[in-house]
Every structure is written in structure tokens, then in C-alpha cells.
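Colleague: If you want the building blocks of each chain, they are given just below.
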Amino acid sequence: MKTPVKHTIGEEALLGLLQKAGPQASQTLKSINERGLPTRRVEAWHYTDLRNLLKNYPDVGSSNEATAKTAMATCKIGLPGITLPIINGGYHPELATTLPQKILVASQCQTQDWGEIAKDDAIGLMNMGLASDGLTIIVNENALIEDRICLSHIMTDTKSAATRHRVKIGAGASLTLMERHLTANRVAAVTNTVCDLEVGDRSIVTWVIDQQMCDLATRFGQLNVNLGANAELTILILNSGGKLVRQEINVEVTGEGSELNIRGVNLIGEGAHIDVTTRLDLRVPDTVSNEIFRNVVVGNGHGVFQGLINVASIAQKTDARMACNSLLLSDASEFSAKPELEIFADDVQCAHGATVSDIDEDQLFYLMARGIPEKQSRELLITAFVAEVFESLEVEQIGEVLNERIDNWLSNNG
Amino acid sequence: MNLREESQERPGDQDYEELSQFHTDIESEKAPKGLSEDVIRFISAKKNEPEWMLEWRLDAYHRWLTMDEPGWARVSYPKIDFDEIYFYAAPKGFDEGPNTIDDVDPELLKTYEKLGIPLREQELLAGVKNSKIAVDAVFDSVSVVTTFREELAKAGVIFCPISEAIIEHPELVKKYMTSVVPVSDNYYSALNCAVFTDGSFVYIPEGVRCPMELSTYFRINELNTGQFERTLIIAEKGSYVSYLEGCTAPQRDENQLHAAVVELITMEDAEIKYSTVQNWYPGDENGKGGIYNFVTKRADCRGDNSKVMWTQVETGSAITWKYPSCILRGNGSQGEFYSIAVSNGAQQVDSGTKMLHLGKNTSSRIISKGISAGRSQNTYRGQVSAHRKSTDARNFTQCDSLLIGNECGAHTVPYIEAKNSSAQFEHEATTSRISEDQLFYCLQRGIPEEEAIALIVNGFVKEVIQELPMEFAVEAQKLIGISLEGSVG
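Chains as they are written, first to last, in my numbering: chain E, 1 to 414; chain Z, 1001 to 1489.
If you are wondering where the hints come from, they were derived from the structure by calculation, not from laboratory data. Be aware that a few hints might be false.
[What the hints assert, rightly or not] With a Cα cut of at most 35 Å, we get these calculated DSBU-like pairs of lysine-lysine:
#, chain 1, residue 1, chain 2, residue 2
1, E, Lys-159, E, Lys-20
2, Z, Lys-1288, E, Lys-119
3, E, Lys-317, Z, Lys-1462
4, Z, Lys-1174, E, Lys-317
5, Z, Lys-1033, Z, Lys-1174
6, E, Lys-375, Z, Lys-1360
7, E, Lys-119, E, Lys-6
8, Z, Lys-1033, Z, Lys-1288
9, E, Lys-30, Z, Lys-1079
10, Z, Lys-1288, E, Lys-317
11, Z, Lys-1389, E, Lys-375
12, Z, Lys-1478, Z, Lys-1354
13, E, Lys-243, Z, Lys-1360
14, E, Lys-6, Z, Lys-1389
15, Z, Lys-1354, E, Lys-55
16, Z, Lys-1478, E, Lys-119
17, E, Lys-317, Z, Lys-1354
18, Z, Lys-1389, E, Lys-55
19, E, Lys-69, E, Lys-20
20, Z, Lys-1389, E, Lys-243
21, E, Lys-6, Z, Lys-1079
22, Z, Lys-1079, E, Lys-119
23, Z, Lys-1478, E, Lys-6
Generate coordinates for the entire structure from the input sequences, incorporating the hints supplied.
Modeller: What follows is the structure in C-alpha cells.
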């Protein structure tokens, strides 16, 4: 009784691009042709109706050295550390910082080894169909990289870009890697980035996703992690821009004794729809994981958090916690949360908490009674609410950078 | 003695048998197997229903035919063959209905006696006068007897089988039925509309505090029979009623279907307290047999400051698929949901609630305690949402799960949706197993392990048990203990 899907304008545009993309796009093309993009009926996209939200899918972008240089200058790229620029979906090795010997970076257009992509994994499918470039980063065993590596993705035009990176961190290595997503101009760009991260045994890794695209841009991100034994991984996420954003984090914990920390702040402005969806698959005993998300929604923004913790029956002695707290600052703002637990082992400690509220009137009164004007009091309380997430990080500078972004956003949107 | 053989038998089965697992040999009259327009006409004719009712049923049937079975719940079962189910079964001799309790088949009365349901008013009257309960007993597809009707009528309360209400109070039925759960709300509600056979109808007039607890006992007796009951409770302005519901079914190797619809309506300042102890046959240890319990329960708090309280103790059924919900439409209305869901053996439970905040200053509270043992899967699925105009909505949700044994699963799937900045939603969920410290403490004081676990579990669910009416609280506590027997060791 199935009626054929009537494609939306966004889907039509995407299908057009996929048709041009060649054989790598055949699976994606077939899937989107038959099923369309996910709607609310697809459980994984319950609060992000991609079919209706994705209004357009512009042509695939390109860049040359000149545009790349301009873009980098506009975005003031050149912070301390190692910068690997990816402009309009293309990697520019000529503009990259020289790398230490312990790291190998290779740029490649991958057309093979995509692995199995689930039918509801719209980001994976779109990425597979359209990926034009990507980096393979291999970090040697026991390498201690002090400089942070920064994958700077910049869009300059109303174009689309899809990249897929593979990062393999050897056993006992330590490093900080930052994914930045920027727009050089106020353009309705669409980007799709999938990162596959393999964290070796005993390694210590901090992965930062810093997204501050303009208010017209659409971003799809997916981070797929495999966490080794006794490894420590910290994932920090800051979304402070974008019109339509969906960031997925999938972590498969396959090493005993590992520790995972996910901390995120989503600042959701007027007209924005920001969705962070995490999935933790705990497959081995004795792991600790902690997730904290703080969200601030202003105007008619819509924030979404979906978090799933799946504990396999052999994953005894798991300690997993998840918290999602949201502040709604306007009557038109909206937040939807779905923190899920799926537990098949009995000797575990699992908990999740979710709250949604406005600024606490008592706290506001306390500050105002001490002579602090209302606007300032509110800002103070909002800052305190989110800044906590990035406090006491081992990599201190990162916390500073992220907190600075939060301050900027608040002064523009507060 | 062969120890091995004995240990294969689940102790719980025996107790369940003692409690309710006997099949009553009563001649019964059934509609032909399967579902068709003719079967619906047959049911309608059996019930002497007016023409409008038949049309309404047929309409529901046609809508049902176009619908798909929902697949989103975390339960798995073989596809139900609707052609193999008897949609109507009545103990023989019920065409006219009994006039007094003495007309009731003594076999039937014995059944209820064994179940411990106080059908005979005099027996009850001999007891404490204040603890009277009016009972409506539903056996397979028909209501067999309703007690205390006269006394209730004096207070203006209507408490009767819904089939009777359709004939005697058509204006009320027409006005309220499906106003909370529309015909095509979901697959099973549409099916229920087409084939429902009985259930209770309660109407509490303005300002009346129902003088006694109302109660319905449902029992599925016949083989391959589905039970489709429909309950409608209307509490007018300023009224109050407490309603209890209990269910049992005998042990059968085949799966039986139970698809009920319950609608509650509260007007201004009215309150309904709805308590359920569900003890349908859960199937044997290997998941053979048992009831498929697919129920739609929803309350509409229409009036300002009205209140609905759902309390449920779910220990039975092979599969439970049930979400008693509250639509908080009136300003200042309140919804509460207290639940204990115990699963053991191969049971699957997917249950929870929905609190939809539409009015201003509405509040809701959800306390859910899930206990999984054996190889069972126990899921809490709940939704809390605040509408754009529902200012100052408040919700507190607490879902705790307890795991006993490492083959079972406990899952939590909450949906939290705030479309209003003045909404204040709090949700917390925990999952853990029985604390070793607590167990050690009990064992050290000479309490055997099984008893110790029962003790700890009772502590775990105390918050919910407290909300049950006294008569039910004792039964519920016993049931939980029995359901968990054999899960330790």
C-alpha cells in the first residue's frame, strides 16, 4: 500500500547532486529516492524533521589557494597549534602547518570501505554519496603531541561540502584535536562531516567540536568513536551558530577500564534548530562514562537532545551518567529531550536527569536585591549555568577559548 | 526426589495457579471465530444495541482495516492472527442477564469467590460498613453482575455495564464515548471500538462524592477468546470517585488478546482516582501462552482544577503495552501517575504515561518503578509536553529500575518537550541492582535471601503502594512477592 514519496525541494536538490556524483552515490540515491529524508516518524529523527527542515541543498563547492587564503584571513585562522584547513570541502596542504613526525596526514577522496550504513543514518548516507575529500590522520604509538591539531572547515559561499576524516590514535598516545566549523561570509552553506575516530589502548584524547557557522548555514556532523582499553576520551562540543544543526556522537566502548567524558553547550539563537544526538554502546565491563549538556535557547530557537546509553549484558560494573539541563529564555523557545537508557546488565549504576526551566526567579531576585541590574544579573546566571561545563578541563586553553565564545554569543543574543 | 526436575518448575506458577489459575467449566456461547461485519452485527444484536451503535461499530471496523499494527514498542511477538480469535464469548444463559445475584450460575460465583472478589453484598455488609466496594464483574465478554447499584443510584451515581448504558443512557454515551480516545487513535483502539463487548460505565453527578469505591474485575475464561472492554468514567463538576480494576485469566498455552479502552473525563474541580492491579496470566517460563495486554487509557482533565490519578501495579501479561495518560486541558488541572511494573520469566513490558500540559498552571507527577527479573524486558516510555500557551506547567518525573539477574533488561525512554519558557520539567531516572549492602544487612540478621529481596523490593516500590487504596495495597504487595519468586539464586 506504500505510496511513492513525493520529494520536497530540498530532496530534489540533493537527488540532483547525487545523480552527478557517480557510483559512490548509488546506495544513497536509491535510499533517498525510495524513502525520502527522515521525518518525525523515524525514531532517531523524532525531533528533527529533516524532510521539512532541509530547504535546499546547494551545489558542491570548490576552492583554490587564493580563496582559501582569504577565507582563513577572514576567519582569523592561525591560532597556536597545527592548522589543517579544509575550505569549501577541499583540503589545502599548502596552507597547513608543518606536522610533527609522529603524525601522518594524508588527503584522499575515499570511494571505498564505507562499511555498512544503517538505513536511518541520513548523515552517513549523504556523506557517503557526496564526500569529496577527507583526511586520514594516524598518530604513532606513545606519541605525546602537545600542539593541538585543528581541522578548520570554512565555507565561503552558498555551496555544499561533504568530508570524511579518519583518525587513528595509537596506543599510549596523547593529543587534542579540534574540529572547527566556520563560515567566512553570511552564506546558506550546507556541510556534512563524518569523523571516524579510533582511540587506542591507554591513550588520552580530547576531541573538540567547535561550531560557529553563520545563522543561515546547515551543518550535519557525525563522530564515530571506538574507545580502547584504559583509554581516556573527552569530547567537548560547543554549538554557537548555524540555522539547522545536527551533531551525532556515536561511541562504542570496546576496551575495559576506559573513561569517557562528553560535555556540551548548545547556544540556540533566533530561528535556529540544533540537535545533538548521542549514542553510547558499552560493550565491556568496568567503564565509566559521563555526559553533561547545557542548553540555552532564545527567540524561537528549538533545541534537541537525544541521548542513548546501551549497556550490553556483559558490561557489568558500568557507571554511566547523563544529564541535560536547558534554559528557555523566551516564550517562543522550545526544547525537546529524549534521554534513553537500555540496560541488559544488572550490576550497573546508570542514571540520567533532564530539566527544562527558565532562569530561577529566586536567584535573579538575590542578585537584583544586591543592586545588579536585571540584564546583567540574567547574563551572570546564564554564564554560570553554561560555563560550569568547561571548567576544570585538563587542557586549560580550550576551556578559555570556549568560554570566550560563550561570552560573545551571550552579548549578541542575550 | 529428582531435584533437577523440581527446580525447572517456576515456584511462581504454582502460586499463580492457587490464586487464579483455574479454568471454570461453564457452557458458553461464542460468536464465530474471526472478525467480519457479520461478527460485529452478531455482537451488536446480542447486546440489543440501537442502530446508531452498530453503524458506529462498522465504521470503526472499516477504519481498523486500513490501519497498521504499531511497531514502535520494545516488544516482540508473532503476528496476531485475528481470524483465530473469538471476539465474543458469553457464559450461556446470559441473553437476558441475571436479575439478582441468585440467578447467576453458581459455578461462576465460585470462580469469583476463588478470586476473592466480594460479589455478595451481604458478605460485605457483614464486614465493616465503611469499607464497602461496589463491584462490576466482567466474565469473558459480558458483565455478569454489578452490585450495590441501588445504593449508588440514591446518590445519583450511575454504575453499570457499558452495554446497559448504551441502551439506558444513550445521550451520555454519545456525548462522551470516543471524546478522549478517538476511534482511529491507534490500531487497538479502533479494534476495540468495533468489537468491544462490555466494560463499566460510571457517571458521577455534580458535587457528589461517590459513597464507596467502585470496582471492576475482568476475567478471560474461554480458550482463544479476546477480551475487549471499554470503560467510561465521567466525573461532573466538584465530584469524586475512586475506581479499582483487577484482572485475571487462567493458564492457557495459547496467547490471548486483551485490548481495552478506558476513558476518563473530569470536569471543574472533579477528581478521579483510578487504580489497577493487573495480573493476567504471564505465560510460562519459556514465554508460552499468556495475555497480550494492549490497552489505551487516557484521561481528559477538561475542567479547571480537576485531577486524575492513575495508579497501576502490573505483574501479569506476557506483553504489556499500556500508557495511561492525562490531557491537562483545564487551568490548574493535575495529573499523577504511579506505577509498579514487575516482569519475570519471558514477560515484556512497555509501559509508561503521557502528560500533555495544555492549560495554564497545570502540574503532573510521574513515579515509575520497574523491576525486571528472569529474562524479561521492562521498558518505561513516557512523554511530558508543555504546549506553547500552557504557562507555568510543572512536571516531576522519577523512573527507577531495579534489575534482578543478568539476563533481563531495563529501559527508559522519556520524551520531554517544552514549548514554553515558564515550564519547569524535572526528570530523573536510575537503574541499578539490589544493593549488596542492604542485602548483606538483611542476611546478616538471619533473613533468608528470598525474603530479604522481597523486603528490599517492597521498600523500593513503597512510594507507589502508598497511593493505592488499602484493599489493593495488600493484594499488590503479595502479588509482587509472588511474581518475583524463583528469580533469585
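Colleague: Hints broken by the structure, by number, lowest first?
Modeller: 4, 16 and 23
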